[in-house]
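> Just need the whole structure built from these sequences, with the hints factored in.
So the protein sequences, as listed, match chains A and B.
Position in the first sequence (first residue = 1) + 199 = the numbering used here.
Position in the second sequence (first residue = 1) + 1274 = the numbering used here.
Keep in mind that the hints were calculated from the coordinates and are not lab data.
Idealized CB from N, CA, C, for every residue including glycine.
Here chain A is said to cover these stretches of chain B; the calculated rule only asks that three of the stretch's residues, wherever they fall, bring their Cβ under 8 Å from a Cβ of chain A:
id, stretch
1, 1724-1733
2, 1738-1745
If we take Cβ atoms under 10 Å as the criterion, some of the chain A residues that face chain B in the derived model are:
id, residue
3, ARG247
4, ARG275
5, MET279
6, TYR284
7, ALA343
8, ALA347
9, LEU356
Derived BS3-like pairs (lysine-lysine); straight-line CA-CA distance at most 27 Å:
id, chain 1, residue 1, chain 2, residue 2
10, A, LYS265, A, LYS227
11, B, LYS1284, A, LYS212
12, A, LYS322, A, LYS367
13, B, LYS1560, B, LYS1444
14, B, LYS1284, A, LYS215
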Amino acid sequence: MSVSIQARHIVKKFDKTTVIPDLSVEIKNGELFTLLGPSGCCKTTFLRMIAGFTSIEGGEICFDGKSINNIPAYARDIGMVFQNYAIFPHLTVRKNIEYGLALRHLSQNEIKKRVDEILSVVKIEEYADKMPEKLSGGQQQRVALARAIVIKPQVLLMDEPLSNLDAKLRIEMRGAIRSIQQNIGITTVYVTHDQEEALAISDRIAVMRSGTIQQVGTPIEIYTRPSNVFVSTFIGRSNLLYAQRAGEDELKFGSGFRIRVPGIRIPQNENRVIAAIRPEELSISSGDGIPAVVKTRTFLGKYVMYEIAFPGEISVPDMPPCEFSQDLGHADHLLDIGDQVFFKPNTAKINIFSSDQMTNYALVR
Amino acid sequence: MKGFRPDIWKLITVIILILFIFFLVYPMFSMLIKGFQDPATGEWTLKHYQKFFNKRYYYRALINSFKVTFSVTILAILVGVPIAYFMSKYQIKGRRFLEIVIIISMMSPAFIGAYSWILLLGRNGVVTRFMSEHIGINTPSIYGFGGILLVFTLKLYPFIYMYVSGALKKFDVSLEEAAESLGCHGPRKLFGIVLPLITPSIFAGALMVFMNSLADFGTPQLIGEGFVTMPVLVYSEFVSEMGGEAHFAAAMADIMIFITAVMFTLQKSYINRKSYTMSSLRPIQKGELHGIRSLLVHGFIYLVVLLSIIPQLTVIYTSFLNTNGSIFLPGYSLVSYRKIFSTLGTAIRNTYLYGAAAILLILVLGVLIAYISVRRRNVLTGIIDTITMMPYIIPGSVLGITLLLSFNKKPVILSGTAFIIIISLVIRRLPYTLRSSSAILYQIDPNLEEASISLGCRPMRTFFRITLIMMLPGVMSGAILSWITVINELSSSVILYSGKTRTMSVAIYTEVVRGNYGTAAALSTVLIVSTIISLVIFFSISGKEGDHSIEL
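Right under this line is the structure:
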């Protein structure tokens, strides 16, 4: 049966180095929960702690409230899908999928029934008696998934399962994983560094950075209301501009252009805040707005992406260049390189971060 | 897992470490120390070394050994590199046959080579007599430096060949093309691009040649006569010192280990500084040879290869001759075989019995050590790794003396037993199996084990069901090399054997010394045939044609 997972004050150390200082998170029964972060953020380490492949130096991990810290990996009743699939190369597809069932002392009939069932769920019936080396990457991925879920584990763990596939297959497989996970309703912890994949597949996402969780939320929450500057730039693109506090809900940009953000409350002691505006949330205005110069133009079919430069010290340094994306479905004319343009942000969508980058005032309103 | 599971692998690590310390490290160090001790008082002294370097009789052996090892190493490179180069670069007729013959001559014991060159070119040799009786030419003496050089070069050039062809197999032809596109061609390309890139491999092979020719006891003992080298001197001093504490022999063994250790370290540090990883996207295409060049290349390769297989052919042929002592009589029969099975049956039985016991231990140790040092690295496995290097620098006869001195008194008396021979075989030949087991383990994805564990399989069961099964091809090909060298082992066994624990190699040696050439030939034939059968199995395991990846 599927379970909920509670991680409480988890600590991970390698020798003397603490890589996860204090991590707590609750994963609901049946949801697809994604750990998303750049490489080195310890998302895989945390996954392997749940699996039992790496030790827990502090805190506890519970399944349905019961601690699993002292249960060895083989007894945790988990299904795991590895980045490189880890299909046993000396066994046929059927033998691979049977492997876990055979250890559970089921009858031959029951084993065959369940294997046949899962083969049809993941759509690889015709390869049942082939050796793994004869299979393509996508097919091997399906075998790995089938092998992990056929034992009806309490939890399904997936460690960057799509990173070895080409772009097209990746999109196809993430759809397949999502629908299979929904059908059998198993609690799934999914690790990836690919934000688009995370947004597409997850019920909820935990964005991680150097061993800590930055934000937990649904894909929409995380994209529209990131909890801090790191999340806003790691998930999608955000143009970061400095702005002066001109009132509790009013900002003034370097040029003197002011906006009101209804409902927001910027504390008095914050003189300079950071406004995060996504490229699609800018619009061209006539005469009134933040001035910018068009630097490059990239035609991408559905839309045109412009690299733009705001004059003065307005944009936050050491960030990727600012961008404006123009939806071709509604654009009147294209901009040219060197054009002077005034931009207005969409005040309903804009996020305002504290000067230390850690608080989103749009979230605490 | 911390805290809740007493890890079986830690226990295995500790047990292996204890075994190594007891049977290898402790004997080694007690012998190293013995070389610096006064036999009577036990005080520290350098007098053994003074004695050694003051008497020409002694230090001459060291000079002789250097003469032999350096000459052989250079000759083996001069013979081995061109053969490897030609075989990789051109289509050579009978390539498969040549490759197999080269490996057979590498794997056959050198002392059989020495013995059969005596049969051919010795004082009573077939060729010698033929030349003087029918042509009136006195062939130069085979005994001494020249003979040793001949035997060693023909037996050891295959090491160079193996390493260099291995490197050339990985050579990417686009490197050569890049050189040509920059206007570099001909000898300049060969010496400027190709040779530097294979130099590390030449050095690796050269070290093997050096070590083997320095440590070999049988060849100089049989064919050297007055030309005494270090292993021969150590052996004879040890045998004459028997009963005493053998301090002088220990001191000479120390000198040998010092030399091998220095060479080993030099080579390792060279390899560490200068090794190139080449991935052959486009391997060398073998070109065709025509006319006089083809003739010369083929002639050279066939001459060397056939010369190197002559000892085996001679031995097999003479084993079917009628003999009386060292005199061959006309007519063919199986007399020699009847004789060995009736009088030397135990030697044959012992060889296979001890070999089987040793190989069993080698298999278990090789797999376990490979596993702990690849998958469970810690301080202890690091120490074990270092200890497993020791056999590379300990000559066989030195190891024999070491073990004998350590286990010939209470509380542990093993001298004269089969056990001590088996131990020496295991120590000496474990590296082959260990190396190939580790090599294959590095290629096995650790996630496979985790996948099995996550599916509910206990770690130990996972090891047997997944890891071990996948390791098997590598383990087996290493084990066969261990096996071949185990059954052919002479230099340590000749020191450790007693009347009851004689092996075939030892029996061949004693029979040759006694002048019983017929029985020696018959025994050698049994050994050669065993070796060839084992090699055939090796090739069928290690697979495809031309892919004889021997991990040396």
